[in-house]
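Construct all of the structure, not just a fragment, from the sequences and the given hints.
2 protein chains.
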Amino acid sequence: MVVKRKKWSEDFAEWFRSTLIDATVMDYRYPIKGCGVWLPYGFKIRRNILQILRDLLDSTGHEETLFPLLIPESSLAKESTHVQGFEEECFWVTHGGLTPLKVKYALRPTSETAIAPMLKLWIRSHKDLPLKLYQVVNIFRYETKATRPLLRMREVATFKEAHTTHATREEVEAQVMEAVNIYKEFFDELGVPHLVSKRPKWDTFAGAEYSIAFDMVCPDGRSLQIGTVHNLGQTFSKAFDITYENMEGKQEYVWQACYGISGRGVAGVLISHGDDQGFVIPPSIAPIQVVIIPIIYKEIEEQINKTCEDVAKRLKVANIKVELDLRADLTPGAKFYYWERRGVPIRVEIGPRDVKQNEVTIVRRDTLEKQNCTIGEVTTVIRTLTEEIMEDLRGKAWRWMRDNVRRVDSLEETKQLLAEKTGVVEVLWCKSRDCGLKLEKETNARILGIPLDLEERMIDGKCISCGRKATHIVRVAIAY
Amino acid sequence: MVVKRKKWSEDFAEWFRSTLIDATVMDYRYPIKGCGVWLPYGFKIRRNILQILRDLLDSTGHEETLFPLLIPESSLAKESTHVQGFEEECFWVTHGGLTPLKVKYALRPTSETAIAPMLKLWIRSHKDLPLKLYQVVNIFRYETKATRPLLRMREVATFKEAHTTHATREEVEAQVMEAVNIYKEFFDELGVPHLVSKRPKWDTFAGAEYSIAFDMVCPDGRSLQIGTVHNLGQTFSKAFDITYENMEGKQEYVWQACYGISGRGVAGVLISHGDDQGFVIPPSIAPIQVVIIPIIYKEIEEQINKTCEDVAKRLKVANIKVELDLRADLTPGAKFYYWERRGVPIRVEIGPRDVKQNEVTIVRRDTLEKQNCTIGEVTTVIRTLTEEIMEDLRGKAWRWMRDNVRRVDSLEETKQLLAEKTGVVEVLWCKSRDCGLKLEKETNARILGIPLDLEERMIDGKCISCGRKATHIVRVAIAY
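From first to last, the protein sequence lines stand for chains A and B.
Residue numbers for the first sequence follow this note's numbering, beginning at 102 and rising by one.
Residue numbers for the second sequence follow this note's numbering, beginning at 102 and rising by one.
Hints in this document: simulated from the structure, not taken from any laboratory.
Please note that the accuracy of each hint is not assured.
Quick list of the computed label-pair ranges, beta carbon to beta carbon [claimed, not checked]:
id: 1; chain 1: A; residue 1: K399; chain 2: B; residue 2: V204; range: 53 to 61 Å
id: 2; chain 1: A; residue 1: E410; chain 2: B; residue 2: G198; range: 50 to 58 Å
id: 3; chain 1: B; residue 1: K417; chain 2: A; residue 2: L469; range: 42 to 50 Å
id: 4; chain 1: A; residue 1: W499; chain 2: B; residue 2: I401; range: 54 to 62 Å
On a predicted model such as this, the values are computed, not experimentally measured, just so you know.
C-beta: ideal position from N, C-alpha, C; glycine also.
What follows is the structure in C-alpha cells.
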C-alpha cells in the first residue's frame with residue numbers, strides 16, 4: 102500500500118496549516134497574529150505528549166513548579182547579553198488599569214530572569230544543590246518574521262522549560278548530557294527523527310556558554326529546531342549574585358543549565374508521521390486509538406450497531422481508547438475521511454458480512470492496510486497492531502530523514518542542494534568563525550552546528566570554505 | 102487530643118502567609134507585588150486538586166482547551182458592561198519590542214471576550230450545541246486593594262474557567278444548576294465547607310444576568326469567595342453576534358454560562374483543615390500520604406532503617422504515596438515538625454521498641470493521636486485511617502463553619518457580630534436594593550446574597566432594614 106505524501110511534501114506549509122484546523126488540533130484564526138487556540142482534540146494530544154516529557158523529568162529528579170509570567174525590566178536587564186538578545190522580542194506591559202507602571206514588565210520570553218531572584222533566596226549551601234526545576238507555561242516573542250501556526254507563534258502556548266542549578270562545572274556538564282539523553286528518549290518514544298548538533302558560537306542562546314539543539318527535517322526540506330539545551334555557566338549566577346557555601350565554608354557562584362521544548366515538539370510528531378490524508382497520531386499518545394464505524398445495511402442495522410457496541414465494550418475493558426461513531430447523518434465514507442484527517446491510528450469497520458462471519462475489519466491509518474479477525478481476537482489483534490504501527494511510523498520517519506541529510510564535498514553542490522531545499526547538508530569545516538559565516542552567507546542557509554550524534558570521529562578532508570584542513574563535520578540547512 | 106488553632110484563628114493572615122512559605126507551597130517574595138511562585142510541593146497539591154475538578158468536568162461533557170492570554174482592546178470593548186467592569190483592572194500590553202502596538206492588548210482578566218470571536222466561527226447550527234469548554238490558565242487583575250498570598254493576587258496563576266453555550270434559556274438555566282452541583286461535589290470531596298448564595302443584583306459579574314457564588318468562612322471570621330457561576334444570558338452573543346440556525350432554520354442568538362474556581366479553591370483546602378502546626382492535607386490529594394521516620398538508637402540503627410525500608414516498600418506496593426525520611430542531620434523531633442508543617446496526613450515512627458515487637462507507631466497529623474499495629478497490618482490500617490481522617494476533617498470543618506454562621510434578628514446585633522468579625526450573619530430582607538445597600542453601609546459589610554443551600558422556604562418576619570415584611574433570608578459578611 103503506497104501512502105500518499107504529495108501535498109505533505111510539495112505544499113508543506115499549506116498542508117500543515119489546513120490539517121491543524123481540519124483535524125481540530127489548533128484554530129489559528131484568533132484576532133491577534135501569532136496566537137492560536139488549542140482545540141479539545143489537539144489539547145489531548147498536547148497533554149499526552151507533555152505527560153511523556155513530565156514522566157521523563159520527574160523520574161530523573163526534576164520537580165515541576167510555576168513561576169510568574171511577568172518579569173520586571175530591572176530583572177531582565179541584569180544580565181547584559183541576555184537582555185540584548187531578548188529586549189526587542191518582548192511584549193511589554195506598561196499600564197495597570199489606567200495607571201502607568203513605574204517599572205515596565207516583560208511577558209516572559211523565557212524564564213531565567215524570573216527564576217534567578219528566587220534561586221538567590223533559596224540557595225544557601227551545597228546541600229541545596231543540585232536543584233532541578235521545570236515548568237510548562239506560555240512564553241511570548243514579538244516575532245517580526247512571518248508567523249506560522251505552531252511553528253512560529255507570538256504566544257508559544259506550550260513551553261516546557263527546565264532550569265537546573267549545580268555546584269560545579271563538572272556537574273552542570275553532566276546535567277547537559279542528561280538533558281540531551283532525556284530529549285533523545287522523548288523524541289524516540291514519539292518516533293520523531295532528530296539531529297543533535299552543537300550550535301556555532303554566534304548562534305548560542307543569549308547568556309549561554311554553548312547551546313545544543315535538536316533539529317528535524319520538514320517535508321519541504323527546511324530544518325526545524327524542536328528542542329534546545331544550554332549550558333549557562335555562571336552567567337546568571339554572577340549577574341544575580343547566586344552563591345552557595347561549599348564544603349569548605351567558602352562562597353561560590355552556582356552553575357546553571359536550562360533546556361526547553363515548545364509546541365514545536367507537538368508539531369514534530371504531527372509533521373513526522375503525517376500524509377496527504379492528514380495526521381497520523383502515534384497510538385501511545387492518541388486521544389482516540391480506535392474508531393468503530395458501522396457499515397449499515399438497513400435490514401440488519403440493529404444487529405450491526407449491537408456488534409459495534411459489543412466490540413467497543415471489549416476494547417474499553419482492555420483500556421483501549423475507543424470511539425464509536427454512530428452518527429446517522431454521515432455515510433461511512435464521510436466518517437472514514439473525518440477520522441483519517443484526525444489521525445486515529447486504527448479503524449474498525451463492522452458491516453453485514455462481518456456480522457455474519459462474527460468478524461471485524463481492521464484498517465491501519467498509516468498504511469490503509471486491511472485485515473480481518475474474529476470478535477474474540479479483536480483486543481489482542483489491536484494490541485499487537487498498535488505496537489507494529491509505532492515501530493513502522495518510527496522506521497518510516499527515520500528513513501525519510503536519513504534520505505534527506507546528505508554529505509557533500511563541494512561548495513557548488515551544497516549551494517545547489519540548499520537552494521533546492523532538499524534537506525540538511527553535512528560538509529567539512531575548519532571551525533573558524535569566518536568560514537562559518539561565509540558559508541552561511543554564500544548558501545543563504547544556517548549552520549545548525551557540529552553533529553553530536555555521529556560515531557564518526559576521524560575527519561579527513563578540507564574545509565568547504567577555506568580549503569584548509571577540516572577539523573569537524575558541520576550541518577547546514579534552510580531553517581525555520 | 103486537642104488540636105491547637107490559636108494562631109490559626111487569632112492571627113489568620115500571618116498564619117496563612119507564613120505557613121504557605123514554611124510548608125513550601127508558595128513563595129510570595131517575587132519582585133512583583135501580587136505574583137508568587139508555586140513551589141514543587143505546592144504544585145503537586147494544586148495539580149491533585151485540579152485533577153478532581155478536571156475529572157468532574159470531563160465526566161459531564163466539558164472539554165479542555167487553551168485560549169490565548171492576550172485580548173485586543175477592541176474585543177474587550179465590544180460588550181459595554183463587561184469592559185466597564187474590567188478595564189481599570191487590566192494590565193495592558195502596549196509595546197512589541199520597541200514598537201508601539203496599534204491596538205493594545207489586555208492580559209485576560211477572564212476569557213469571555215477571548216472565546217466569543219471563536220464561538221462565532223465555530224457555531225453554525227443547533228447541532229453544534231451545547232458546547233461546553235473549559236481551561237486552566239493564569240488571569241491578571243490590577244488589584245488596587247492590598248494583595249494577599251493566594252487570596253488576592255495580581256497574577257492568579259490558577260484559574261479554572263468553564264464557558265458553555267446553549268440553544269435556549271432553559272438549557273442555560275439547567276447548565277447553571279449542573280455547574281453548582283459540580284462545584285458542590287468538588288468542595289465536598291475536599292471537605293471544604295461552603296455557603297451557596299445568589300449574589301445581589303449590584304454585585305453581579307460584569308455582563309451576567311445573575312451570579313451564584315460559593316463562600317467559605319475564614320478563621321478570622323471573614324468570608325472568602327471560592328467559586329462563582331454566572332448566567333450570561335445573551336449578553337455576549339448579542340455583542341459578538343453569535344447565532345445558530347435552529348430546527349426551523351431560523352437564526353437565534355446563543356445563551357451562555359460561565360463558572361470559575363481560582364487558586365482560592367486550593368487556599369480553601371489549606372485553610373479549612375489547618376491548625377497551629379501548619380497545614381493538614383487531605384489524604385486524597387496529599388503529594389505524600391505517609392512519612393516514615395526512624396527513631397534511631399545507635400545500637401540497632403541498621404535494623405531500624407531496614408524495617409523502615411520494608412514498611413515503605415509495602416506501602417508503595419499498595420499505591421500509597423510514601424516518603425522515607427532518612428536524613429542523618431535532623432533529630433526525629435525536627436522531622437516531626439518539618440512534616441507536620443507540610444501537613445502530611447500520616448506519620449509512621451519506627452523505633453527500638455517497635456522493631457522488637459514487630460510493630461510500627463502510627464500518628465495522625467490532624468489529631469496527633471497515636472496507635473500501634475503490626476508490620477503485617479500496616480497497609481490495611483493506613484488505608485482505613487486515610488478514610489477516617491477525611492471524614493473527620495470534613496466533619497470538623499463543617500461544624501466549625503456552622504458555628505460561625507449566625508441567624509440574627511436585630512440590626513444592632515448584626516452590626517456588633519460583623520464588627521467583631523465572628524463569621525457570616527443571616528438576616529431577613531425585603532429584597533429591595535435600597536435596604537440591601539443601606540444594610541451594607543450600616544454594617545460596613547458585604548451582602549453575600551440569598552442562600553440557595555437552605556431547605557427553609559417560609560420566611561416569617563420583618564426586613565432588618567426597613568421593618569416591612571421580609572421575603573428572603575440574606576447573608577452578610579466582612580468579605581475578603
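Evaluated hints:
The beta-carbon spacing between A/K399 and B/V204, approximately 56 Å, falls within the hinted interval of 53 to 61 Å. At about 57 Å, the beta-carbon gap between A/E410 and B/G198 stays in the expected band of 50 to 58 Å. Taken as a hint, the range 42 to 50 Å holds for the pair B/K417 and A/L469, whose Cβ atoms sit roughly 45 Å apart. At roughly 56 Å, the beta carbons of A/W499 and B/I401 sit within the given window of 54 to 62 Å.
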